[in-house]
Amino acid sequence: MFLEIKDLSVKIENKNILKNLNLNINKGEVHAIMGPNGSGKSTLANVLAGKEDYEILNGKINFKENNLFDLNIEERAQEGMFLAFQYPVEIPGVNITPFLHSAINSKRKRMKEEEIDNLSFAKLLKSKASDLGINIDMLKRSVNTGFSGGEKKRYEILQMSILNPDLAILDETDSGLDIDALKIVTDGVNKLKTKDNSFLIITHYQKLLDYIKPDYVHVMVNGSIVKSGSSEIAAEIENDGFQKFQ
Amino acid sequence: MNSETLNTLDNYSKNKYKYGFVTDIDNEKPKKGLNEDTIKFISFKKNEPEWMLDWRLKAFSKWKKMKEPKWANLNFPEIDYQDIYYYSAPKGFDKKPKDLSEVDPKLIETYNKLGIPLEEQKVLAGVAVDVVFDSVSVATTYKGELEKLGIIFCSIGEAIQKHPHLIKKYLGSVIPAGDHSFSALNSAVFTDGSFVYIPEGVKCPMELSTYFRINAENTGQFERTLIIADKGSYVSYLEGCTAPKRDDNQLHAANVELIALEDAEIKYSTVQNWYPGDEDGKGGIYNFVTKRGLCAGKNSKISWTQVETGSAITWKYPSCILKGDNSIGEFYSVAITNNFQQADTGTKMTHIGKNTKSKIISKGISLGKSQNTYRGEVSFLRKADRARNYTQCDSLLVGNKCGAHTVPYIDSKNNTAVIEHEASTSKINEDQLYYCRQRGLSHEEAVSLIVNGFCKQVLQELPMEFAVEAQKLVSISLEGSVG
Amino acid sequence: MNIQDNYQINKKNIFFSENENIRNHREKLMNIFENDRFDKKNNESLKNINLENFLDFKYKYLVPEETSVINNNHDNSYSIVSVNGQCTSFKDDKIEITKILEEDYNDFSKNNTIEKNDHFVNLNSLFLNCGFKIVVKKNNNIKIKISNIVADDDLTIFQKNNIICEEGSSLNLIEEYENKNNSTSNILNVIKLEKSSQLNHFLIQDNSPSHNLIITSHSSCKKDSSYTQKIYNFSEGYVRNFHFSELLEINSAADLQGIFFLKDNNISNNKTFVKHLAEDCKSNQVYKGILNDRSKATYFSNTHVDQVAQKTEGYQLSKGILLSDNASYFSKPELKIYADDVKCSHGSTIGPIDENAIFYLRSRGMSKIAATKLLISSFINEELSSIDEEQISEIIQKKLVRYLSKVK
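Chains as they are written, first to last, in the working numbering: chain F, 1 to 246; chain S, 1001 to 1483; chain L, 2001 to 2408.
FYI, nobody ran anything at the bench for these hints, they're computed from the structure.
Where is the CB? At the ideal position from N, CA and C, for every residue including glycine.
Any given hint could be a false lead.
No farther apart than 35 Å at their CA atoms in a straight line, the calculated lysine-lysine pairs in the DSBU-like style are these [what the hints assert, rightly or not]: (1) K2296(L) to K1348(S); (2) K2408(L) to K1413(S); (3) K60(F) to K2028(L); (4) K1413(S) to K140(F); (5) K2408(L) to K1456(S); (6) K1354(S) to K2296(L); (7) K1359(S) to K2137(L); (8) K1383(S) to K1143(S); (9) K2319(L) to K1401(S); (10) K1456(S) to K2332(L); (11) K2343(L) to K1369(S); (12) K1348(S) to K2282(L); (13) K1383(S) to K2282(L); (14) K2222(L) to K1359(S); (15) K2343(L) to K1472(S).
Only part of the chain S face toward chain L is listed, based on derived beta-carbon distances under 8 Å [to be verified]: (16) N1035; (17) Y1409; (18) D1411.
Using the sequences plus the hints, can you model the full thing?
Right under this line is the structure:
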């Protein structure tokens, strides 16, 4: 098993958010989680990434034969977990290029791979950026600073393609995107997809799933997964809303 | 704050100072203490003309009547002026060595260790350096090339001998000896420092730099720097400083005067890395520095950039007097305090002429148990029509045992002048840390990256050759990894 | 006449002179005055004023003939006419008004951790000759309007008021200072907000050029309480507004705001200071000033955040418009922060009226003077539109029109 979440319960500030949640993801699979606002989708993403505000009440998570709770935030990232944030934070003054360069080398170091030098990295970045239709000038700017909503999301996908994760979690990546931007972003995801990596796509709307075809769709309500199945569930939700699952 | 952040911080406060070594060299000192004989000794050692000695003695008599300024947010025991050596020179240094073959190899080795090679084949490209060891100037690189352009770059002692008309005209013209007690003290006992004169219309083709090193024990360093940019000229000057680790506090009271005539521009950058004391607050340099620039002519410009990471105590306000119409003053500052360091630093922009402009960007970072204060004054005098100032000062607190303080003074007496001031204080942003770590950066790397980003507006003002160094220094000031 | 002589001659008229502790305390204060060199250079709060005028004065106080408290039962409101700093005692089930008591004397000097040596506060303690105490009882929601009248010429009023809002109470307090005689009022308000109480304090200041008003307040807030102070200063005489707030317990808030309009040779000194001593508290300090002719103003603001005061939010804003090339404005917005989980900021601007805006309005057919007036009004629009007391709003509008009529 690639990612295995078993009986996970999580609370934050005395509020139970996730309740005995179970989810298994195999190599090469694309999973989508849909659910109404406040159902705990983003919490799940952040717990996987290791954000420290949460209290784990019970359950366990295995990721590539590791007990995930033994790894801190950066170790999980270095092991190949990538979270595309719903609201990527602005980091003024921190230039995109050296930032990503350090990121990729931290990962390579852990994987005992050779670090990538300045020049080859700059080349790599340029080619990936042009694949995603990102202007080279943007790479001179500070991380997420002064980006539009669409630029931020596109930049998340650029980072994903550079870091080439084993498991990519996309937290509401479609929100705030117009159709053109959505196409570019989903195109990027589809290009990255191989039989060796997996995706967990968190979304509110079915629209995203018109562009990325999931193998499985899960409906999350009130901190648990209440229904799992094929992509037909998504169409069901589009027609009837989440009401009937609640 | 979570436990991991605290751990990282703990590592930071155990920061090691890598310039803390001592050069074992015989030196020559007068008796400890400050009196007329000490001043006469210094003046004699420097082979000074009588007018210079008189000037010093006048300053000394002023000093005797003065008290230290007390308004800064600093806490330190009374300085015992009689327990300090006021002059220290490596033995046999009665005259400045003609070339490196006359310099003690130990000294050359010291500067190699500090990253300032003096040998001709190794000198830093594009930077002329004057190195000052305790009270004397050791060597000046690239001298000949500068002379061809008519640029004078030498020790102040040499300038007193060779260019008395310039010294008489400008020394003390921006910082009068009687300005306050530290300026009077410096005027009485200054030992060495740099002198720069850029002739009319000359753009100095390389960075001029002075490197100050305090080595001897219980010795104060009182350097004096004077830079004159004649009409239409340009110069960029950089100052660096370090000192060995010692348990006693050492006094450093420098005076720096800049004069920019019509259409001239002076860019003055400092990377201050005096020994800050150990993690219990023992030792370190007391840094009481007066820096002031006069934009004397129309369209002149003076720009101060400082990266302050060292010293137990920093008391320093590089200022601009904007006298010429359309003149510009700038101040860019990063001040990082850790352990028990205290910094009270900022600037003073005095707008006298019409259309004068000033800009202040200050970034303060407090860690450990340190106190970090920005203190700045912007004033528009009656005649400063259409003057403008923009001030931004941001403070970052890392840990909850330190303090960050902002004390701006804003005074406007002209109704066409516009002043804008913004300030903010916050802790290091946990969301930014999370984001960086999710991309695989360690906690320590993430903090260093974010702090460097926070300082970027200032660091990018440094001359290229030093920007990278300064960036590293910022990281080192935060890290515990460099031994 | 100097302080010592004034004190000795008028001792019998000064409150609490028979109490030994208070007498001793006053001796100490007297010593401070004798030994202090009143070093203006190092005491910013003395900027622009001639302290000697305030130290060398002729003490005069007259007991007023008539004061009143009227209770309008139907809307829980009270109207108080305070004359020469005194007020009739009054008591019902919602409020209680009494003379200031001996036990209230030390209150301020004990609690005054904020400023140790304020000469005007010390003078107030030395010559205290009037004042009253208002207690709003538990869980009541009331409104009080006080007209502060000085009825005679050449008076030196040293007044101290205590205002206490008991647990869960809510008070809207409107105070008017409109005096036309040649007197000096030195007023100290000590304000206490108990748990979950709320005080909205409006001060409308509009004295004639010959009347000096020195008003200092010290408010302290317990858990979940909030103090809001809004000052509208249209005075033509000297006014000093120094206001301090201490946030003692969790989730309390202080909001100190002021706008002032100066002209001729008028001087106004302003200071606000909020000390955060507990977690999760909020503060706001916003002053705006318009200065014409040869007027001068200072504004000092200060946010102090104690080490325990995590999750503090503190905001300061200082804005000044100089209408004349002889006016001057000095501001010092200070932050002193010892806790790390804080969001504190300040902004400050001083300048003329925006010339581009004037140009824009003129290009739409407005005269220069009309454009100037419009822009002054819009400069303080936020403050004016946030007044939810209609009664106050009307008064302020009228005074603004009067001020603007003199702008050329």
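Outcome of the hint check:
1. K2296(L) to K1348(S): Satisfied, since the Cα-Cα distance of roughly 22 Å is no more than 35 Å.
2. K2408(L) to K1413(S): holds, 19 Å
3. K60(F) to K2028(L): Violated. K60(F) to K2028(L) sits at ~70 Å, over the 35 Å cutoff.
4. K1413(S) to K140(F): violated, 42 Å
5. K2408(L) to K1456(S): Violated, at roughly 46 Å.
6. K1354(S) to K2296(L): Holds: K1354(S) and K2296(L) sit about 22 Å apart, inside 35 Å.
7. K1359(S) to K2137(L): violated, 53 Å
8. K1383(S) to K1143(S): violated, 42 Å
9. K2319(L) to K1401(S): Distance ~33 Å between K2319(L) and K1401(S) Cα, so the pair holds.
10. K1456(S) to K2332(L): holds, 27 Å
11. K2343(L) to K1369(S): OK: K2343(L) and K1369(S) at ~20 Å, within 35 Å.
12. K1348(S) to K2282(L): holds, 32 Å
13. K1383(S) to K2282(L): violated, 41 Å
14. K2222(L) to K1359(S): violated, 42 Å
15. K2343(L) to K1472(S): holds, 28 Å
16. N1035: Violated, about 30 Å.
17. Y1409: Result: holds, 5 Å to nearest chain L Cβ.
18. D1411: For D1411(S), the interface hint holds, since the closest Cβ of chain L sits about 5 Å away, which is under 8 Å.
In summary, the structure is inconsistent with hints 3, 4, 5, 7, 8, 13, 14 and 16 from the numbered list given earlier, while agreeing with the others.
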